[in-house]
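Asks: Work out the full structure: start from the sequences and follow the hints.
Listed below are the residues making up each chain.
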Amino acid sequence: MKEKIAIELKNIVFGYLKDIVNIDDVSFTVKQGDYVTLIGHNGSGKSTIARLITGLLLQRSGDIEIFGEVMTDDNVLRLRKDIGIIFQNPDNQFIGSSVRDDIAFGLENDCVPEDKMEGIVEEYSKKVGMYKFLDKEPTNLSGGQKQRVAIAGTLARHPKILIMDESTSMLDPKGKREILQLIHQLKKENPELTIISITHDIQEAYESDHVIVVAKGKKIMDGKPDEVFSDSKKMVEIKLDIPFFKRLNMELEDNGLDKYEANSLDGLVEKLCR
Amino acid sequence: MSIKLNHVSYTYSPKTPFEYEALRDVSLEIKDRSFLALIGETGSGKSTLVQHLNGLILPSEGEVQISHYLLSCENGKRKYVDLDRQEEFKGKKYRKKQFNIRNLRKYAGLVFQFPEYQLFEESVLKDVSFGPKNFGATDEEAEQMAKDALKLVGLDDSYLPRSPFELSGGEKRRVAIAGIIALNPSVLILDEPTAGLDPQGEKEMMELFKKINDAGKSVILVTHNMDIVLKYVDEVVVMHDGKLLKQTTPLKLFQDEKFLTTTAIEPPFVFKAAKALISNGLNLNLNNVKDIPTLVQEIKRIKHE
Amino acid sequence: MNNIALGRYIPGNSFLHKMDARIKIISLIVFFVGIFLSYGSSVQNFIMYGVYFVILFTLLKVAHLSFFSVLKSLKALWIMMLFLLVINTFAVQTGDVVFVINNFAVHEDGLVRTGYIIVRLILMITLTTLLTSTSKPLDLTFGLEWLLGPLKLLRVPVHIFAMTISLALRFIPTLMEEANKIIRAQASRGVDFAEGKLKDKFKAIISLIIPLFVSSFLRSGELADAMETRGYDPQGKRTKYRRKHWKMKETFQIIGCGCFLAAIILLAVYKPDFIATVQGWF
Numbered sequence: 040m041k042e043k044i045a046i047e048l049k050n051i052v053f054g055y056l057k058d059i060v061n062i063d064d065v066s067f068t069v070k071q072g073d074y075v076t077l078i079g080h081n082g083s084g085k086s087t088i089a090r091l092i093t094g095l096l097l098q099r100s101g102d103i104e105i106f107g108e109v110m111t112d113d114n115v116l117r118l119r120k121d122i123g124i125i126f127q128n129p130d131n132q133f134i135g136s137s138v139r140d141d142i143a144f145g146l147e148n149d150c151v152p153e154d155k156m157e158g159i160v161e162e163y164s165k166k167v168g169m170y171k172f173l174d175k176e177p178t179n180l181s182g183g184q185k186q187r188v189a190i191a192g193t194l195a196r197h198p199k200i201l202i203m204d205e206s207t208s209m210l211d212p213k214g215k216r217e218i219l220q221l222i223h224q225l226k227k228e229n230p231e232l233t234i235i236s237i238t239h240d241i242q243e244a245y246e247s248d249h250v251i252v253v254a255k256g257k258k259i260m261d262g263k264p265d266e267v268f269s270d271s272k273k274m275v276e277i278k279l280d281i282p283f284f285k286r287l288n289m290e291l292e293d294n295g296l297d298k299y300e301a302n303s304l305d306g307l308v309e310k311l312c313r
Numbered sequence: 044m045s046i047k048l049n050h051v052s053y054t055y056s057p058k059t060p061f062e063y064e065a066l067r068d069v070s071l072e073i074k075d076r077s078f079l080a081l082i083g084e085t086g087s088g089k090s091t092l093v094q095h096l097n098g099l100i101l102p103s104e105g106e107v108q109i110s111h112y113l114l115s116c117e118n119g120k121r122k123y124v125d126l127d128r129q130e131e132f133k134g135k136k137y138r139k140k141q142f143n144i145r146n147l148r149k150y151a152g153l154v155f156q157f158p159e160y161q162l163f164e165e166s167v168l169k170d171v172s173f174g175p176k177n178f179g180a181t182d183e184e185a186e187q188m189a190k191d192a193l194k195l196v197g198l199d200d201s202y203l204p205r206s207p208f209e210l211s212g213g214e215k216r217r218v219a220i221a222g223i224i225a226l227n228p229s230v231l232i233l234d235e236p237t238a239g240l241d242p243q244g245e246k247e248m249m250e251l252f253k254k255i256n257d258a259g260k261s262v263i264l265v266t267h268n269m270d271i272v273l274k275y276v277d278e279v280v281v282m283h284d285g286k287l288l289k290q291t292t293p294l295k296l297f298q299d300e301k302f303l304t305t306t307a308i309e310p311p312f313v314f315k316a317a318k319a320l321i322s323n324g325l326n327l328n329l330n331n332v333k334d335i336p337t338l339v340q341e342i343k344r345i346k347h348e
Numbered sequence: 167m168n169n170i171a172l173g174r175y176i177p178g179n180s181f182l183h184k185m186d187a188r189i190k191i192i193s194l195i196v197f198f199v200g201i202f203l204s205y206g207s208s209v210q211n212f213i214m215y216g217v218y219f220v221i222l223f224t225l226l227k228v229a230h231l232s233f234f235s236v237l238k239s240l241k242a243l244w245i246m247m248l249f250l251l252v253i254n255t256f257a258v259q260t261g262d263v264v265f266v267i268n269n270f271a272v273h274e275d276g277l278v279r280t281g282y283i284i285v286r287l288i289l290m291i292t293l294t295t296l297l298t299s300t301s302k303p304l305d306l307t308f309g310l311e312w313l314l315g316p317l318k319l320l321r322v323p324v325h326i327f328a329m330t331i332s333l334a335l336r337f338i339p340t341l342m343e344e345a346n347k348i349i350r351a352q353a354s355r356g357v358d359f360a361e362g363k364l365k366d367k368f369k370a371i372i373s374l375i376i377p378l379f380v381s382s383f384l385r386s387g388e389l390a391d392a393m394e395t396r397g398y399d400p401q402g403k404r405t406k407y408r409r410k411h412w413k414m415k416e417t418f419q420i421i422g423c424g425c426f427l428a429a430i431i432l433l434a435v436y437k438p439d440f441i442a443t444v445q446g447w448f
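Chains as they are written, first to last, in my numbering: chain A, 40 to 313; chain B, 44 to 348; chain C, 167 to 448.
These aren't lab readings, by the way, just hints derived from the structure by calculation. Cβ coordinates follow ideal geometry from the N, Cα and C atoms, glycine included. Any given hint could be a false lead.
As the list claims (entries may be wrong) - Covered stretches of chain B (chain C as the covering partner; in silico rule of three or more C-beta atoms under 8 Å from a C-beta of chain C): (1) 90-101; (2) 158-170; (3) 220-232.
Replies: Structure follows, in structure tokens:
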């Protein structure tokens with residue numbers, strides 16, 4: 040079975056200001072149905088890439104293809120219907136004056152018939168666990184709850200691609216867990232949904248299908264988590280966090296204790312205590 | 044200089060339908076040179092507590108003592124007692140003299156979460172000097188205090204004339220923190236100062252607070268990050284539902300498994316790893332395990348004996 | 167009885183609360199027309215104003231609002247009204263002399279003029295407060311949008327105004343929370359928002375306004391991105407989630423409005439003598 044390509048970036052160059060290059064010749068491919076994580080230090084260009092993919096920004100050169108179609112001025116509005124994006128700040132993407140109104144916002148924009156809207160609003164509020172909060176106002180909701188509403192409103196438009204632009208960065212640990220669990224569940228329910236998660240959570244990256252690493256506007260690494268995280272020293276060099284055992288192994292190696300390197304707690308106990 | 048909370052309770056919007064009891068009978072002493080972490084879920088009362096420490100909020104019940112000032116509420120009216128001068132100020136005005144609430148703010152410097160939003164001046168120097176000027180420093184004094192504070196947070200003189208708005212997020216954070224350090228408070232209170240920073244930024248910031256603590260100031264951190272708690276902090280205060288549940292050392296906290304399960308606190312992984320090794324026969328000294336490097340040092344020590 | 171902070175929505179279940187916002191706005195306009203029509207002599211006019219006050223009192227009662235709290239909220243305007251009274255008595259020298267102070271004659275017309283201004287102001291403010299206290303801000307926005315609908319034919323972007331207003335309403339509580347946060351942060355840096363010389367107070371306000379402005383600009387940028395990526399096209403067609411229904415009740419109410427309007431116009435055109443009419447009844 041041939042795998043469909045959801046997104047392809049070909050030699051993208053972009054700069055916010057005339058003499059500056061913020062995205063320097065970046066290319067990568069995202070397969071349909073994959074859970075991709077995009078990681079990099081603050082200011083590396085991750086969010087810029089997300090904005091380029093959704094057509095909010097226009098690249099200086101290079102092509103962006105969504106399901107094989109090159110994005111141009113003429114088709115960007117149509118292509119955008121297949122892409123949903125959840126931003127970082129829960130307040131600044133909550134448009135409606137209540138949960139219902141916010142979920143319905145996207146439906147109104149898509150000219151969904153009025154008599155169908157109520158059903159869709161209720162259905163998607165249930166999917167994210169916000170059915171009981173339908174008439175609540177945003178000031179009475181937590182960050183995690185607001186992000187759940189954003190997810191409902193975005194999914195209600197049936198996008199084929201979902202981009203999470205650091206959607207859990209501003210949440211407390213409980214909120215972060217809520218959202219991650221929700222996304223994993225949604226992925227299970229929609230195996231064809233392609234998810235791109237821009238994140239600082241190294242554990243999340245470790246568990247994804249495909250990791251893309253950017254630093255200073257360039258793509259540094261691109262591949263399966265095992266391949267990407269094998270070079271721990273490089274990760275530290277580009278100011279990225281690395282999974283616990285990788286860090287531990289690096290430290291053991293630096294202290295001449297290579298023989299105790301392990302990839303799990305059981306493995307560590309095995310090597311040190313027997 | 045110590046700060047004491049004595050049976051403090053605080054209710055938001057009393058006698059309205061929005062009444063909310065945020066603090067219940069909390070007693071706490073911040074001794075000199077403490078390095079303390081305040082942990083608890085959102086809604087546990089941490090930020091309300093912390094705002095009592097610099098007099099931003101006055102208790103509904105109970106007393107707060109900041110240095111030689113005693114604050115309380117009597118019959119709904121604020122009461123300030125200057126213990127040194129044996130003077131009392133009640134309500135808003137006391138004859139012609141009025142209690143200057145600003146006296147309290149300089150003892151405890153409070154840095155809120157994401158403090159970048161408090162920046163507003165034309166230049167970094169002006170913004171950081173703003174605080175000292177409000178407390179009566181002359182322009183020269185304030186500028187010197189600002190320069191010293193900026194150096195402490197790792198921003199050199201080249202930053203002085205720049206506009207705070209053109210700086211990166213991490214740099215803005217440091218300018219905002221410098222703005223409070225410049226006040227030279229005896230106690231520095233920070234709410235999630237490393238939120239949103241990358242690992243390098245987080246490390247630099249924590250080393251800064253350690254330096255400040257070593258130099259003699261108390262540092263209080265409100266945090267969710269247990270790695271930081273294990274590595275840097277001497278004491279942990281656990282808040283839940285407006286009550287102070289526990290005040291103890293990080294090690295004692297992480298070893299109290301029953302407490303951890305009831306409060307859903309997750310010890311740092313390095314601690315869990317050390318515990319697993321110990322329970323399997325490796326004789327590590329938990330007191331020495333603060334982070335990965337120190338864990339490895341302990342392993343080295345044991346294996347070479 | 168509820169105290170009114172002028173303009174705030176006060177939840178309730180009265181007849182007025184349940185009335186469609188569009189009809190309330192239309193009624194407001196009709197009333198305003200009635201307030202400015204002339205019914206003959208000044209005595210006639212004041213009698214009409216008396217009738218209006220009676221109607222208003224009844225409506226206020228229906229909505230469980232207190233007239234006296236409206237008056238209290240008008241405290242700020244008392245000074246202006248006093249000022250107007252003084253100006254008018256000096257400026258208008260026509261009409262019979264009512265009384266003399268210190269060799270200065272106060273003429274009837276001056277007092278009448280001021281009377282008109284004050285009474286009309288109170289009527290208008292009370293009416294508007296009645297509207298805003300019994301209607302949710304969002305309902306008012308939708309009502310206005312519907313009423314201004316015909317302007318779309320003149321290429322006026324009514325729906326964009328409506329979106330702007332509803333967004334502003336959505337963010338008022340958020341902005342207030344943010345202002346609160348900034349105030350506390352600056353207070354921790356020694357800013358005293360209450361006391362201090364004028365220069366200090368000015369600086370204090372700047373330390374609040376600038377961060378608020380900056381964050382609002384950033385916020386609006388992010389909001390625009392969010393709206394765009396959710397398919398919002400200001401020029402494009404959109405369906406409406408919140409539809410307003412028009413039932414029999416609304417038709418009756420609108421007819422009632424029309425009758426009221428017709429009545430006051432007839433009174434203004436024919437200017438019947440009220441006192442003579444009432445005397446004729448007895």
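Asks: Now tell me if each hint is right for this structure.
Replies: Here is how each hint holds up against the structure:
1. 90-101: Coverage by chain C holds here, the residue count being 3 at a Cβ distance below 8 Å.
2. 158-170: holds (count 5)
3. 220-232: holds (count 3)
In this structure, every one of the numbered hints holds.
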